[in-house]
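Protein chains: 2
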Amino acid sequence: MAQVSIDLDMKRVTNKEFLEKAIQCEPVLKETMVKPVSIVDIKKSKDSYPQAVKVDDAENMSKYHLKKGDTICLDFGRHQVGYVTLKLSSVGSPQDAPAYFRLKFGEIAKEMTENSEDYDGWISRGWIQEEFIHVDVLPAVLALPRRYAFRFLEISVIDTSLKWQMVVKDVACKAVSAVSQEDVPCIKVNDGLLQKIDQVSLLTLQNCMQSVFEDGPKRDRRLWLGDLRLQALANYSTFRNMDLVKRCLYLFAALTRDDGRIGACLFIEPDYIVDDTFFFDYSLFFVAALYDYYMESGDKETLKELWPSAYRQIELTQKEFGEENLIDNQDSMFCFIDWTEGLDKQAAAQAVYIYCVKRGMEIARILGDEESAKRLAEEIKYKTEASLTNLWDEKQGLFVSGKERQVNYASQVWMILAGVVDSEHGAAILDQLISLSPDKKMVSPYMNHHFVEALFMCGKKKEAIDYMKYYWGGMVSLGADTFWELYNPENPAESPYGSSIVNSYCHAWSCTPTYLIRKYFEEDK
Amino acid sequence: MAQVSIDLDMKRVTNKEFLEKAIQCEPVLKETMVKPVSIVDIKKSKDSYPQAVKVDDAENMSKYHLKKGDTICLDFGRHQVGYVTLKLSSVGSPQDAPAYFRLKFGEIAKEMTENSEDYDGWISRGWIQEEFIHVDVLPAVLALPRRYAFRFLEISVIDTSLKWQMVVKDVACKAVSAVSQEDVPCIKVNDGLLQKIDQVSLLTLQNCMQSVFEDGPKRDRRLWLGDLRLQALANYSTFRNMDLVKRCLYLFAALTRDDGRIGACLFIEPDYIVDDTFFFDYSLFFVAALYDYYMESGDKETLKELWPSAYRQIELTQKEFGEENLIDNQDSMFCFIDWTEGLDKQAAAQAVYIYCVKRGMEIARILGDEESAKRLAEEIKYKTEASLTNLWDEKQGLFVSGKERQVNYASQVWMILAGVVDSEHGAAILDQLISLSPDKKMVSPYMNHHFVEALFMCGKKKEAIDYMKYYWGGMVSLGADTFWELYNPENPAESPYGSSIVNSYCHAWSCTPTYLIRKYFEEDK
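Sequence order for the protein chains is A and B.
Note that the numbering used here has the first sequence beginning at 4, numbered continuously upward.
Note that the numbering used here has the second sequence beginning at 4, numbered continuously upward.
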């Protein structure tokens, strides 16, 4: 899985006018002071997923006199994103040596049982939320400069001296987000698990909504286009913070490669800069995200201004098609789709293209750009025909992908979402898919979201709800109060990074049940 | 060796007037900006004491693109005490993960080869000058809040990501001390090694002279009375900062136990507070330190004001004597003298008492307190007679100590320094001591200082100089640019703490050659 994109020769261009508009939409973060609610014990267990067990009230924390080797673990009640301040003191003889301790922040209980020293994965161990701190003079107020995403905070005293012990007098977190949950109505669904799933979705989204829509506040803390599209959908159903979506759209349009290609992700510090990673699907999703934004906001000015940037993504991705109007690229990195090992992405990428060009055509029509609309209609026609001619396997009743004619979930789901088949046909395909259960399934909650949306679109409401309860409900049953970057119901500890200690447990692309329930289930109850 | 003094029931009293005078003498520290001079390589070797080997000029440091596992070691040319700022940057793709690195500060090259994880000693590992740091956004200026004592700084990159590398653009140290060497004349001695020993002494003293006279700027960074007495003597011969001595004397007199006993050490942060450690010899040295201060400064006001505090130490230590006017205490912690394992301290403590009471008597005379002077003269007489009657072994020609009549270095040295024997007799004792070479020798440079002073006092100038060259010169030959807390010529890596990684390599009590040379050798050249 250790695949990264590096292009040191990439030339970047900045549209300053767009950047200025993005900066004008920068949110003022809402701040909430949060205190730990209890002192907990978290034990490793072979048989069960680790859970926190309360051992004392948080207000008793200053009664613990911590000597070398002592540990105290605080539970903040639910997932927080923010800045932590500790009030520390000493008891015993005068402090004759620096206090030396480790702080370990964890989003879930299991993380607290994992040893950072054992980490041997391929992404940076710098993401492990652990600090080693010396304090020369106690008492002290220690305001940590970094932002953490966590529910649990473990304080382990590495050393004091034989003469004194450390005391944690108080700990507080200044939690931050661009939104607050106060104005979001509860779902009108009389189902405890769905209500819980909705709440966990909301907290996930809230904690990812910072200066931009981040993918995960623990890791990578960054604006990705694929995540943005789903976050924006969930946001429209809940917080309805239109400015934050607008800001992110303008950022992507402002910061491109010199040929106008929009990156898969971008950074806002130290300067606004686009990464040197590009995905076929993510670039195209700029079209879909712009379309969704207009449909929800009615902001025609932004639609008009950003339409050329969106259209440019369609132009640039056209070169991935061969003479037969089929995707030609066999490099697994060219398109994201999902993390499934060995996934052939031809059919899914073909469908994503059709999905996005359809939305591009709608934008062209809205803006009265009939020439583009006509050209895009032709694109849709050719690419759809090519899909049905070459990628549809009549015998299997499923779409196939690539030279090996691979059958996988992603192809079926995206062909349905793209409307290459109608909902009746789609329903049959989904039945056949579930019945066949091919090897190449789904890995990310992101792909699982698209599967559930396909079920809803094909009228399979019960299956969609059942699957949400199985998949997102599975995380809830393991104690999640935010949804995870990755969840395999058959192996909850799985990680694409070589170790789950760097997994993100509050991840934007997993927050969509609140959108799916509110859009497809709640309304017509 | 894991002996510490803890007295949680101790009652402290503060003389506010004295404390105010101490605060008025607080120095404004002189600041000097220091840059590293080279990039070095330090290797572990079984055969030799580790040395730094230059591999590049410091100005090339930004050419090193540091990826996961890479290390760069900077040499600041000589020992520094101060605050370090690093300018950090990144090269490659945008920084997509926190920079995570370790900073390790070392006073000597050998320290850099020692692994902190292996440390298993009894004093706090918090003293190891090592920081683990995350920087979320590069470029960054990292101003470390703590003060370090070091010559070498190793920067080890624990992780970046596959996409970028860290660059150290610049490093600077704001070195601090209460004094500067500019006004101290060189010694008038035509001997390269003695000149070098003098320079190393001066830097040791300078780097220990901070807000108070510290024992060591790496560890314990604290005002100890035993160290103060020697630092003050070296200071009188060199920097002549009288206010810093005055400040320390007032601090000790201001912060005492409720019976007036002066502590072995005290803290100045977070508040001025005396420790719960008391040594027979250290309390008494307040008398000697006050006497020395007056003799050098002529500050009769301070002498007069602090004389009752000094006198009280004599009164309080009298209870350690039995009916025969001999020290009765067999607890090795009651008196410091030296770190020699199994050292019987009776005779040395008896001599320290006589040494200090003699100085007390002088003070009483100077202040016209004839009654006290008379009483102290009697004390001196009784204790001296008791020493000669009970502790002198005519057959061996040496003093003995304790029930086991132990022969050791400390007893002879202190009986000579206390003037219990005259210089001629002392010379014979020293000859006999060196010839007999008893098991109980000397461990600390502090004790070695007193041995050399005894040699000088007995007219053994050549032996004294030769011994200084052997002992302090030995450290110089191993690359010392400040003198160490502990040095055993036969085992330079020895530590009283279970591991030399926590040893202090710039330690006040080792700075005395500059005093010894200037007082006993230079003057009469």
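Where hints are given, some of them may not hold.
The list cannot tell twin chains apart, which means a pair is met if one copy fits it or any two copies do.
The list that follows gives simulated cross-link-like pairs (lysine-lysine, BS3-like), each with its CA atoms no further than 25 Å apart [what the hints assert, rightly or not]:
1. LYS199 - LYS377
2. LYS70 - LYS49
3. LYS307 - LYS38
4. LYS463 - LYS57
5. LYS406 - LYS57
6. LYS398 - LYS107
7. LYS107 - LYS71
8. LYS361 - LYS199
9. LYS166 - LYS14
10. LYS443 - LYS38
FYI, nobody ran anything at the bench for these hints, they're computed from the structure.
Hints, verified against the model:
Taking CA atoms no more than 25 Å apart as the test, LYS199 paired with LYS377 passes in neither setting, with 46 Å inside one copy and 89 Å between copies. With identical chains, the CA atoms of LYS70 and LYS49 are never at most 25 Å apart, being 29 Å at best within one copy and 36 Å at best between copies. Taking the shortest alpha-carbon separations for LYS307 and LYS38, neither the intra-copy value of 46 Å nor the inter-copy value of 56 Å comes in at or below 25 Å. With identical chains, the CA atoms of LYS463 and LYS57 are never at most 25 Å apart, being 42 Å at best within one copy and 72 Å at best between copies.
Proximity of LYS406 to LYS57 under the C-alpha cut-off of 25 Å is found in neither arrangement, the shortest distances being 56 Å within a copy and 59 Å between copies. With identical chains, the CA atoms of LYS398 and LYS107 are never at most 25 Å apart, being 55 Å at best within one copy and 67 Å at best between copies. Taking the shortest alpha-carbon separations for LYS107 and LYS71, both the intra-copy value of 16 Å and the inter-copy value of 22 Å come in at or below 25 Å. Proximity of LYS361 to LYS199 under the C-alpha cut-off of 25 Å is found in neither arrangement, the shortest distances being 35 Å within a copy and 83 Å between copies.
Taking the closest pair of Cα atoms, LYS166 and LYS14 come within 25 Å of each other only across two copies (17 Å); inside a single copy the shortest separation is 60 Å, beyond that limit. With identical chains, the CA atoms of LYS443 and LYS38 are never at most 25 Å apart, being 45 Å at best within one copy and 58 Å at best between copies.
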